[in-house]
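> Letter by letter, the chains look like this.
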Amino acid sequence: MRAIAEGLFTQDVPPRLIGGRNRHTGRIVFPCPENGDFEPHPLSSEGSLWSYTIQRFRPKSPPYEGPENFSPWALGYVALPGETIVEARLVNVAFEDLAIGMPLRFTLAALDDQAEQPRAIPAFEPVETAA
Amino acid sequence: MSDVCIIGVGIHPFGRTDGVEGIDQGVFAVREALRDAGVEWPDIQFAYGSSDAAGNPDTMVERLGLTGVQFINVRNGCAAGGSALFSAQMAIKSGDFDLGIAVGFDKHPRGAFDAKPAEYGLPDWYGEAGYMVTTQFFAMKIMRYMELHGISRDSLGRVAEKAFRNGAHAPHAWRREPIDLETILQAPMISDPYSKYMFCSPAEGGVALILASERKARELGCKPIRLKAATMRTRPPGSFEVFAPSIDIERGGTATALASAAAFEAAGIGPDEIDIAQLQDTEAGAEIMHMAENGFCADGEQEAWLAEGATAIDGRLPVNTDGGCIACGEPIGASGLRQVYENVIQLRGDAGARQVPGDPKTAYSHVYGAPGVSAVTILER
Chain S
1 MRAIAEGLFT QDVPPRLIGG RNRHTGRIVF PCPENGDFEP HPLSSEGSLW
51 SYTIQRFRPK SPPYEGPENF SPWALGYVAL PGETIVEARL VNVAFEDLAI
101 GMPLRFTLAA LDDQAEQPRA IPAFEPVETA A
Chain P
1 MSDVCIIGVG IHPFGRTDGV EGIDQGVFAV REALRDAGVE WPDIQFAYGS
51 SDAAGNPDTM VERLGLTGVQ FINVRNGCAA GGSALFSAQM AIKSGDFDLG
101 IAVGFDKHPR GAFDAKPAEY GLPDWYGEAG YMVTTQFFAM KIMRYMELHG
151 ISRDSLGRVA EKAFRNGAHA PHAWRREPID LETILQAPMI SDPYSKYMFC
201 SPAEGGVALI LASERKAREL GCKPIRLKAA TMRTRPPGSF EVFAPSIDIE
251 RGGTATALAS AAAFEAAGIG PDEIDIAQLQ DTEAGAEIMH MAENGFCADG
301 EQEAWLAEGA TAIDGRLPVN TDGGCIACGE PIGASGLRQV YENVIQLRGD
351 AGARQVPGDP KTAYSHVYGA PGVSAVTILE R
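Protein chains in written order, with the UniProt record's numbering: chain S, 1 to 131; chain P, 1 to 381.
Isolated chain P (complex conformation) (with noise of 0.2 Å):
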């Protein structure tokens, strides 16, 4: 079968931009990919778009143009942005469609997301203890990973160090100044183990990213990323999640790794063959969790790879090229794509100073969240 390419990618900056609408900040973002592919609004066939706090993305024909183009929105927790992309290249992929967009956008309030027990399924009272909080899951789950695995405290704090070191070179990163190792184990304690730097915020922002067959894209003369795998899986029996005032004794597997594992079949390539990877970074512990869950190490392993800077820029493996959810903030809908945005800058060669030495020719993103989901893609170039 043929490939499905992007051939066009457009960001509008993370973080808070006062005064301008999420949808607003989807709209820049499809109009950057559109110029960057060289092709116009009128020439998109469909589009799938994802927000989870800032409206209907399909409104913002209104903007762009009212040419009756197909556009279905997408909400599926934080997987939205991934599932916005594996749908888009599943259009392609059926022979109906040569060329649509994949686009995300969020404008969340500022603090922790607010979150009600009955969205949840949960009590009252679950919330009225003080259980709603989900930094408390995040350190939990570190903690107990740290302690089965042998991670340090300094780990953490190496991640978000590298984080911050990455997202001031990134253009669209929101926190933009380098943070050192001592000031962010020192910072106030937000949930034990995590400071207040290990956490990444709710933020805005948009992505988009034009996804063309590959004959559409030999057509235009572009010169493509091959999308080689797009996955979205729900979380297996026995898996930890968020809000959960118990959890099986016997433990399970997570939808990261189902996710991961449909992609690396579907690419026909192995962890070891991944050139730069861009994996969920709610909170640093999640960083390195996520290494071993997308096969990249086994677990224990990140301790001596952070201490050799093994996930820097010139490492052997960089991961969060751009500062991920730490530097650039979460805007659920768009987090997803973010990542395979920066896939694409570095895959082209266009990263400036966060550009990954020597020529990569494959990337990974991974997107995990609530209610237990994850998204995967690989790339080549």
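One chain only, chain S, in its complex shape (with noise of 0.2 Å):
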């Protein structure tokens, strides 16, 4: 699955986020901005959940690319300690099993996956804690 925009993810197995990190002040942010003053930086892949919605309604298009067959999804705000607080799709969840502080872990997911060549967005997924 190929990214939905080039300097989102590591090439390591399995990926990672790329943040960027202020060459002066050491603030991590995501994505990695284009200018002198930030340095990409790789982030942690885990954290925990520090909020959450569902998405509901079909976002206009444009600027959505996910699939015409609409059906609600979850996103959320995840915090990476130490570096950043990232949005991102929450993924192999059941809506109802989301909960704030919850420990998720960086995967990807496809934004459209009945696209021909379906395109790779962020997300977290639960931590299983038998693993």
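Hints are supplied without guarantee of correctness; some may be wrong.
Derived pair list, reagent style DSSO-like, types lysine-lysine, alpha-carbon separation capped at 30 Å [said to hold, decoys possible]: (1) P:Lys141 <-> P:Lys196; (2) P:Lys228 <-> S:Lys60; (3) P:Lys93 <-> P:Lys361; (4) P:Lys361 <-> P:Lys228; (5) P:Lys116 <-> P:Lys196; (6) P:Lys361 <-> S:Lys60; (7) P:Lys116 <-> S:Lys60; (8) P:Lys93 <-> P:Lys196; (9) P:Lys93 <-> P:Lys228.
Derived from the structure by calculation, the hints contain no laboratory data.
Assembly of the complex is requested from the two constituent chains, each provided in isolation within its own frame, with the hints serving as guidance.
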């Protein structure tokens, strides 16, 4: 699956998100801004759910490029300790099981898994406590 | 220093007025305000006009009269109306002017505001992935606030229920039918925890306020409402704003808290001395969070306040007495000025069925919005 944009994910297996670290202040943001103040900084893959919601209607196209056939999806902000709080899709979890503070792990999700060439967007999924 | 006085107010009803341009709704409001103040357009020495999506306010001189008046257009995101009012009071405070006007109007297309990633300095993929949706931000902001401060979903419903109840008594409101709590809570979800009745919609409308120096107000024989404070602030580090792919771990303050503190300091009074408050209620949770951010209660106390009806018309601190944005809709350029209009009507005792009892003497208004801006006013009779 190709990435929705360049510069978002590392080449590692599994990949990590690429944030930006401010060369002067150390502040970490996502995505990495394309200016001289920031250098790419791979983000940690585990964090906890900071807040979330369910998108219940199909966002307007353009700019949305998800499937025509809409079904609601979850999104949230995930706190990566000591780094930043990133916005991402929440996958492999039932809506009613979402809870602020739950441990999550970075993964990739297809923006439209029916597409001929699905594109990957940043996502997080629950960390299996048994694993 | 002498006070800046509001001596006339005018409004074009909010909502949808097919066939009437935004600027004509602004002109309508100006004429109403002039009549209310008992002055004529040629008497007006200056104007500040705000509109986000309905054209250049200064072009209304064509309708009102080519008097050569100084007319300055203000665009300032969701604080546009508040910024026009701030600028107008500065003109009078400078001593160079005695009589001027702040006018705001807008006319937005139906549905959610249409935002493009590039306008916010964001990459295209952010929009393609489905994140240029303002309701997501509002929902995630309140979801965390509810978790941290013990606010229930019922409280969100109570805010909306109050908005529709108050709006029913405000002739300028858009939504004028009461809606019961159960219907609000059970309505289709837009973005959890918000159902469709818990959000305001983009709308249309116009508001004008005539401002005068104390000397001029006396000369005209008006019974003025005093503008004790008008402040506008932008966001501090670590705030949480719409369309953010990431937010800082180190959480910070808000534009609202800054604007509010500055306004209370300028007015020389505290939150406990305010009799009426109009607080930005883009959605039900915003009103709840803004009660605390503006210093009226501590985080979490809103739950008890709403259960007791403390923010109802006859409550301890009536909030959004005309139904706020939820009942009036949000024409960006006019929205902040509508709050001030409503406060003037309340302080004059002219609010009819929605009149706050007990002879209110002070009133507060607060706007907040993209891109992390806030404007506050404090009025005193």
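> Hint by hint, say whether it matches the structure.
Evaluation of the provided hints:
1. Taking the CA atoms of P:Lys141 and P:Lys196, the gap is about 17 Å. The hint holds against a cut of 30 Å.
2. Only pairs whose Cα atoms come within 30 Å are accepted, and P:Lys228 paired with S:Lys60 is rejected, the gap being roughly 43 Å.
3. Proximity of P:Lys93 to P:Lys361 is assessed by CA-CA distance (about 23 Å); at most 30 Å being required, the pair is judged to hold.
4. Our distance criterion of 30 Å between C-alpha atoms is met by P:Lys361 and P:Lys228, whose separation comes to about 12 Å.
5. The straight-line distance between the Cα atoms of P:Lys116 and P:Lys196 is roughly 23 Å, inside the 30 Å bound, and the hint therefore holds.
6. A threshold of 30 Å between alpha carbons decides the hint, and for P:Lys361 with S:Lys60 the separation of about 46 Å lies outside it, so the pair is violated.
7. Between P:Lys116 and S:Lys60, the direct Cα distance comes to roughly 11 Å. Compliance with the 30 Å bound is thereby established for this hinted pair.
8. At roughly 43 Å between alpha-carbon atoms, P:Lys93 and P:Lys196 are farther apart than 30 Å, so this suggested pair is violated.
9. For the proposed pair P:Lys93 and P:Lys228, the alpha carbon gap of about 12 Å is at most 30 Å, so the pair holds.
Figure legend: structure checked against the earlier numbered hints; hints not met, in rising order: 2, 6 and 8.
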